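Asks: Residue-level listing of the chains:
Number of protein chains: 2
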Amino acid sequence: MTIDETAHIVHDSPMEITTETITTEEYLNLFVTEKFSMTDIAPAETRHVVMLVYPGMFALDMVGPLAVLQGLVNTKVHQLWKSADSINCTGLTIVPTGTFDNLPEKIEVLLIPGGSKGTLEAMRDPDIVAFVQTAATRAKYVTSVCTGSLLLGVAGLLEGKRATTHWSAMDVLPKFGATPVAARYVEDGNVMTAAGVSAGIDFALALATKMVGEPYARGLQLDIEYDPAPPFNAGSPAGAGAAIADGMARLYAPLMAEMSQVAMHVD
Amino acid sequence: MTIDETAHIVHDSPMEITTETITTEEYLNLFVTEKFSMTDIAPAETRHVVMLVYPGMFALDMVGPLAVLQGLVNTKVHQLWKSADSINCTGLTIVPTGTFDNLPEKIEVLLIPGGSKGTLEAMRDPDIVAFVQTAATRAKYVTSVCTGSLLLGVAGLLEGKRATTHWSAMDVLPKFGATPVAARYVEDGNVMTAAGVSAGIDFALALATKMVGEPYARGLQLDIEYDPAPPFNAGSPAGAGAAIADGMARLYAPLMAEMSQVAMHVD
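Chains as they are written, first to last, in numbering that gives the first Met the number 0: chain A, 0 to 266; chain B, 0 to 266.
Please keep in mind that the hints were generated in silico from the structure rather than gathered at the bench. Treat the hints with care, as some may be off.
No copy labels: a pair is met if it fits in one copy or bridges any two.
As the list claims (entries may be wrong) - In silico SDA-like pairs for lysine to any residue, Cα to Cα no more than 20 Å straight-line:
1. K75 / P54
2. K81 / D187
3. K81 / V94
4. K81 / T92
5. K105 / K116
6. K75 / A228
7. K116 / E257
8. K75 / T89
9. K209 / P230
10. K105 / T136
11. K34 / F231
12. K174 / S82
13. K209 / F231
14. K116 / V72
15. K116 / Y26
16. K116 / T92
17. K139 / G188
18. K116 / G70
19. K116 / T20
20. K81 / T23
21. K209 / G70
22. K116 / A256
23. K174 / A256
24. K209 / R123
25. K81 / D124
26. K75 / N87
Note that the coordinates shown come from a computational prediction; the quantities given were computed from them, not determined experimentally.
Please put together the full structure from these sequences, using the hints given.
Replies: Quick look at the structure:
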């Protein structure tokens, strides 16, 4: 095998393609543990994952966790919005699976993605905030990615909780009574919040571990070949360096001021 | 600040929110280097990024690179399909921005996402293969994520090239005359191929570096807070362990056999 000098070598022993096959049940049996039986892994009753979708949300906030959670057996992922009309996200138009009226009675995971101006508008929209509140009462896990946590905040769900968000929005969290934690994801009670955008993938794998155990979560990680090798160590303010981090913080400052303003008007 | 013991601590000095602002031009000026002028960073002429979209594609293959490349100034990202109808991807319905007839004359990046059965069907579809061939002649960079490289293969674009794909599909590549390279992404001439699903993010940052330089790419990385911290080291066959990797390879064996069959019929 020729090794490309310019390529980022991650693993050097690719699988030989096997001609042997395996049934789905045999495959899932690999993930049975002392704590998680086949009934947990492949439940008879459909698990419902509900993702709020809205104009201007950042698509990867939702699609990262989707890539992980869609791999769970008998799990229906809903993307719900006010209407059945298509939604313009950042560079992507998506069609909701249903409207707020299609909220299942019993929800395994509620997930709120973030964004910038679209999220600010959502924070100011009483219908959306009411939907988040109602959905949260039905959900086993109440979760967010990126500035989606600020929507949880407006809905009153972060009061007294440790939580995280996009690095640029950390100072907004205390305005909702939350304690900001600089972490990839934070769990406090049944609330799990993830850091910015791409953190949704790490968070979803951690969540899957809670739902179906570590072996299955490892399988989900292998399936999306999540063996990250970013070309730079620039995913945090410290790693990116002061010039870029300060510049971006200043670029987002007006948005963060407006998001903080919304927090001031929460009951 | 309270530190959550259960959280995955990644960076411990979150930015304080600044009240100072910066204009977009001032911000972009941070990224000017000896090699990349403001004209390169914010070109007067719109850059066109064309992503093929198709039923059954895996959404994250496309949305990962989208999250990076949508941050480029004056860059239009197209998602093109045969018709303007919405498309069911894996757990997500998207609306194309246009049809194959809307292919720009000059393309900066052509990107082909992958998938499983949907990709197999696309490989067997002469209209899609012809579109990939035509688009490639107009593109500065011809790229793929995951099994999208097999579509490049069917289109005859990997002949004599080093390339990569999802780990489970590595043995299909030689059937298109390509030399498989176990890497996160591989560059050979103007062809860049990325490994499975999530590798599209790493690849897109590397591609952005070529397009607008390292400082800007670092800014894009910070914006999506791509500071990965997967809960497990299970993103490669070796990391996931033999039981899971063998199991998954067997699960995919019938699909890979069919994909190899398509390769046998390529002229």
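Asks: Which hints from the list above does the structure break, by number from lowest to highest?
Replies: 2, 5, 6, 12, 20, 24
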